[in-house]
Amino acid sequence: MAGTVSGIRTIAITYRILIRQLVTTGRMIALSLIGLAVVLVGWSVGNAERNEFFLDAESIATLRQEDAVFIISLIGFTILVPVVALVFAAATLGDMREDGTLLYLWLRPMPRWAVAVGAWLSSLTISLPLTLIPLGLTALALDTDTELVVATLLATAIGVIAYTALFVLLGTLVRNAIVWGLGYVIIWEGIVAAFGTAAAKVAVRGYTSSILTARTDIEIEVGNSTQTTAILVPLLIALGALTLASLRLGSLEVE
Amino acid sequence: MPGSLPPPPPPPKVPMVAVTNVTKAYGDVVAVSDVTFTVGPGITALLGPNGAGKSTLFRMMCGLAPPTRGTVHVLGQNARTNAEVRGKIGLAPQQDALFDRLSALEFVEMMALTHGVADARAAAIHALGLVDLDVNEPKGVGSYSKGMRQRVKLAAALVNDPEVLILDEPLTGLDPVQRRRMIELFHELADLGKCVLVSSHVLDEVARLGSEVLVIAQGRLAATGDFHALRNQMDDRPHRLHVEVDDPRRLGAALFDRGLVSGVAVVGDALECTTPDVDRFGRQLAPTAKELGIRLRVMRSLDDDLESVFRYLVER
Numbered sequence: 117m118a119g120t121v122s123g124i125r126t127i128a129i130t131y132r133i134l135i136r137q138l139v140t141t142g143r144m145i146a147l148s149l150i151g152l153a154v155v156l157v158g159w160s161v162g163n164a165e166r167n168e169f170f171l172d173a174e175s176i177a178t179l180r181q182e183d184a185v186f187i188i189s190l191i192g193f194t195i196l197v198p199v200v201a202l203v204f205a206a207a208t209l210g211d212m213r214e215d216g217t218l219l220y221l222w223l224r225p226m227p228r229w230a231v232a233v234g235a236w237l238s239s240l241t242i243s244l245p246l247t248l249i250p251l252g253l254t255a256l257a258l259d260t261d262t263e264l265v266v267a268t269l270l271a272t273a274i275g276v277i278a279y280t281a282l283f284v285l286l287g288t289l290v291r292n293a294i295v296w297g298l299g300y301v302i303i304w305e306g307i308v309a310a311f312g313t314a315a316a317k318v319a320v321r322g323y324t325s326s327i328l329t330a331r332t333d334i335e336i337e338v339g340n341s342t343q344t345t346a347i348l349v350p351l352l353i354a355l356g357a358l359t360l361a362s363l364r365l366g367s368l369e370v371e
Numbered sequence: 008m009p010g011s012l013p014p015p016p017p018p019p020k021v022p023m024v025a026v027t028n029v030t031k032a033y034g035d036v037v038a039v040s041d042v043t044f045t046v047g048p049g050i051t052a053l054l055g056p057n058g059a060g061k062s063t064l065f066r067m068m069c070g071l072a073p074p075t076r077g078t079v080h081v082l083g084q085n086a087r088t089n090a091e092v093r094g095k096i097g098l099a100p101q102q103d104a105l106f107d108r109l110s111a112l113e114f115v116e117m118m119a120l121t122h123g124v125a126d127a128r129a130a131a132i133h134a135l136g137l138v139d140l141d142v143n144e145p146k147g148v149g150s151y152s153k154g155m156r157q158r159v160k161l162a163a164a165l166v167n168d169p170e171v172l173i174l175d176e177p178l179t180g181l182d183p184v185q186r187r188r189m190i191e192l193f194h195e196l197a198d199l200g201k202c203v204l205v206s207s208h209v210l211d212e213v214a215r216l217g218s219e220v221l222v223i224a225q226g227r228l229a230a231t232g233d234f235h236a237l238r239n240q241m242d243d244r245p246h247r248l249h250v251e252v253d254d255p256r257r258l259g260a261a262l263f264d265r266g267l268v269s270g271v272a273v274v275g276d277a278l279e280c281t282t283p284d285v286d287r288f289g290r291q292l293a294p295t296a297k298e299l300g301i302r303l304r305v306m307r308s309l310d311d312d313l314e315s316v317f318r319y320l321v322e323r
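Chains as they are written, first to last, in my numbering: chain G, 117 to 371; chain Y, 8 to 323.
Errors might be hidden in some of the hints.
Simulated restraints on C-beta separations [what the hints assert, rightly or not]: (1) G:T359 with Y:K146: 37 to 43 Å; (2) Y:S40 with G:A314: 51 to 57 Å; (3) Y:A125 with G:E369: 30 to 36 Å; (4) G:L351 with Y:A125: 33 to 39 Å; (5) G:L289 with Y:Q84: 46 to 52 Å; (6) G:E369 with Y:S150: 29 to 35 Å.
According to the in silico footprint, chain Y covers these stretches of chain G (three or more CB under 8 Å from chain Y) [stated by the list, open to error]: (7) 147 to 153; (8) 213 to 226.
For the chain G half of the interface with chain Y, some residues (derived, Cβ under 10 Å), not all of them [stated by the list, open to error]: (9) T120; (10) V121; (11) S122; (12) T126; (13) Q137; (14) T140; (15) R143; (16) D333; (17) L360; (18) S362; (19) L363; (20) R364; (21) G366; (22) E371.
Honestly, the hints are just simulated from the structure, not real lab data.
Each residue gets a CB set at the ideal place from its N, CA and C atoms; glycine is no exception.
One chain only, chain G, in its complex shape (with noise of 0.2 Å):
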């Protein structure tokens, strides 16, 4: 009657329930009102009256690029990304964990691996329009240049991609993962990334700015590295993190 289950159909399965389990009503206004703050910080930003009679009209773009730049990468890559994934990324399978319902995955002829795909698929599918529209519409209001809007949505999406994996890992790593996670945003990626282009390359927030300076020449002082290895060292991270995911899911003991 039973029998075991392939890795595509647990990752469908592990996903399904996900999905049902994260999407709550508190997380979803919570989250949404954070996204909105920082729209609105961009929007006064970008429609600020400044002095700017002595300027000419491309140093007038080029200072509100930088405003743009400077705001996208301190707000929306140091908090709304980090933190919007970090809430649904801990809630998967380490809340799981917490509550006891991860035996419900863990014992059942599935493979390790696919859980954990399944579990960042589905934080990941709900993160994505959490981060990318506040962050868009935040970049148009900042700077109606198409090259920021893609920038931006670009390296949203890759930031989302990697931290999304790590929290995946944090939560079968510890509990109270969210508490975990926080500390690592606000210190690692808020105070130490801050601290110069060498710490930024071992911060996400490092490469996602990068994407941002890669694109629109505007350089700030935590992205320096090039499109190509922004867009790559995040993928490796969640590789890596989705790998040790799974290792550590065959190796925990599940309550």
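Let chain G serve as the given structure and place chain Y on it in line with the hints.
For chain Y alone, kept in the frame of chain G given last:
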């Protein structure tokens, strides 16, 4: 009888679960200590007080936790490393957590899918029928009562038609009718040759299962065998009783003189008696008190609770 052979012994039960010299420690705390047993088809009850190590043993059988020492095999395999054998186990865990936003049908159907059941919807409907739950109930299981959630867990454990069914306190939260129905169901499954392991800390529940029993106390296997034999063994132990009377000294002396007690102590206006034959003591106490003109107020057992039974089994 000349010329006739003795009847052949019953065939040995195939060990479907084999626990060999298993110890499980969490730091300095030993949850299970050097336990060895095998379990074959039929119902086997793990009886023990809360915290005795029953759930830890179940978790190790399912592979959810590795033993610190020893080996645990289900159907000859280690469930922690063998995916195929995990598909032959049905577990109803003690903890209450479910995917609360799913309806009962959705939940059990998902569980069927996780086992690779071909027609998951049909299997889920069948399993929910076995536990008398409404398949058309659209509400999420998060809104269910404890008894309903318990039955959802049972349905989820049954949905893959497992060969080994591990049920951790499965009767908790069920009303008497549901309990009777579930016990019948366990017997039906056992009759089909399945290995049904049921844990309980309630002696009467195990009595109704009428099964092989493994008594677990303080992480050790305290006793094993047929429930009724075990029950008789428990009844043979010395009993302690608390008796409140008007004149405890006089009654105590009389009980001792008549051989009804092997020990007696006066505690305030009460007696604490130890008797080797609780039935005889019960029959003779009131006539003795009446004969001496002593008013008997209260009599209660000091060790009829399960904890003391376990203590007796462990200490003997």
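Results for each hint:
Distance hint check for T359 of chain G and K146 of chain Y: the Cβ-Cβ separation is about 39 Å, which falls inside the suggested range of 37 to 43 Å. Between S40 of chain Y and A314 of chain G the Cβ separation comes to about 53 Å, which falls inside the hinted range of 51 to 57 Å. With their beta carbons about 32 Å apart, A125 of chain Y and E369 of chain G fall inside the hinted range of 30 to 36 Å. The supplied range of 33 to 39 Å is met by L351 of chain G and A125 of chain Y, whose beta-carbon atoms lie about 37 Å from each other.
Checked against the hint of 46 to 52 Å, the C-beta distance between L289 of chain G and Q84 of chain Y comes to roughly 28 Å, which is inconsistent with it. For E369 of chain G and S150 of chain Y, the Cβ-Cβ distance of about 31 Å falls inside the hinted range of 29 to 35 Å, so the restraint holds. Given a C-beta distance limit of less than 8 Å, the hint that chain Y covers the segment 147 to 153 of chain G is violated, as 0 residues qualify and 3 are needed. Under the rule that three or more residues need a Cβ within less than 8 Å of chain Y, the assignment of the segment 213 to 226 of chain G holds, with 11 such residues.
Proximity of T120 of chain G to chain Y holds as hinted, the smallest CB-CB distance being about 6 Å (cut-off 10 Å). Look at V121 of chain G: its Cβ gets to within about 4 Å of chain Y, closer than 10 Å, so that hint holds up. For S122 of chain G, the interface hint holds, since its Cβ comes within 10 Å of a Cβ in chain Y; the closest pair sits about 8 Å apart. Interface hint status for T126 of chain G: upheld, as the beta-carbon distance to the closest one in chain Y is roughly 8 Å, under 10 Å.
This hint holds: Q137 of chain G has a C-beta 6 Å from the nearest C-beta of chain Y, less than the 10 Å allowed. Interface hint at T140 of chain G: satisfied, since its Cβ lies 8 Å from the closest Cβ of chain Y, which is below the 10 Å cut-off. Taken as an interface hint, R143 of chain G does not check out: its beta carbon lies about 12 Å from the nearest beta carbon of chain Y, beyond 10 Å. Interface hint at D333 of chain G: violated, since its Cβ lies 47 Å from the closest Cβ of chain Y, which is beyond the 10 Å cut-off.
For L360 of chain G, the interface hint is violated, the least distance from its beta-carbon to any beta-carbon of chain Y being 19 Å, above 10 Å. A least Cβ separation of about 13 Å between S362 of chain G and chain Y goes past the 10 Å threshold, and the interface hint is therefore violated. Residue-level restraint check for L363 of chain G is violated (minimum Cβ-Cβ distance to chain Y is 13 Å; threshold 10 Å). Violation of the interface hint for R364 of chain G is found here, the shortest Cβ-Cβ separation to chain Y being roughly 14 Å, above the 10 Å cut-off.
The beta carbon of G366 of chain G is positioned within 10 Å of a beta carbon in chain Y (closest approach about 8 Å), and the interface hint is therefore held. Restraint check, E371 of chain G versus chain Y: the minimum CB separation of about 7 Å is within 10 Å; hint holds.
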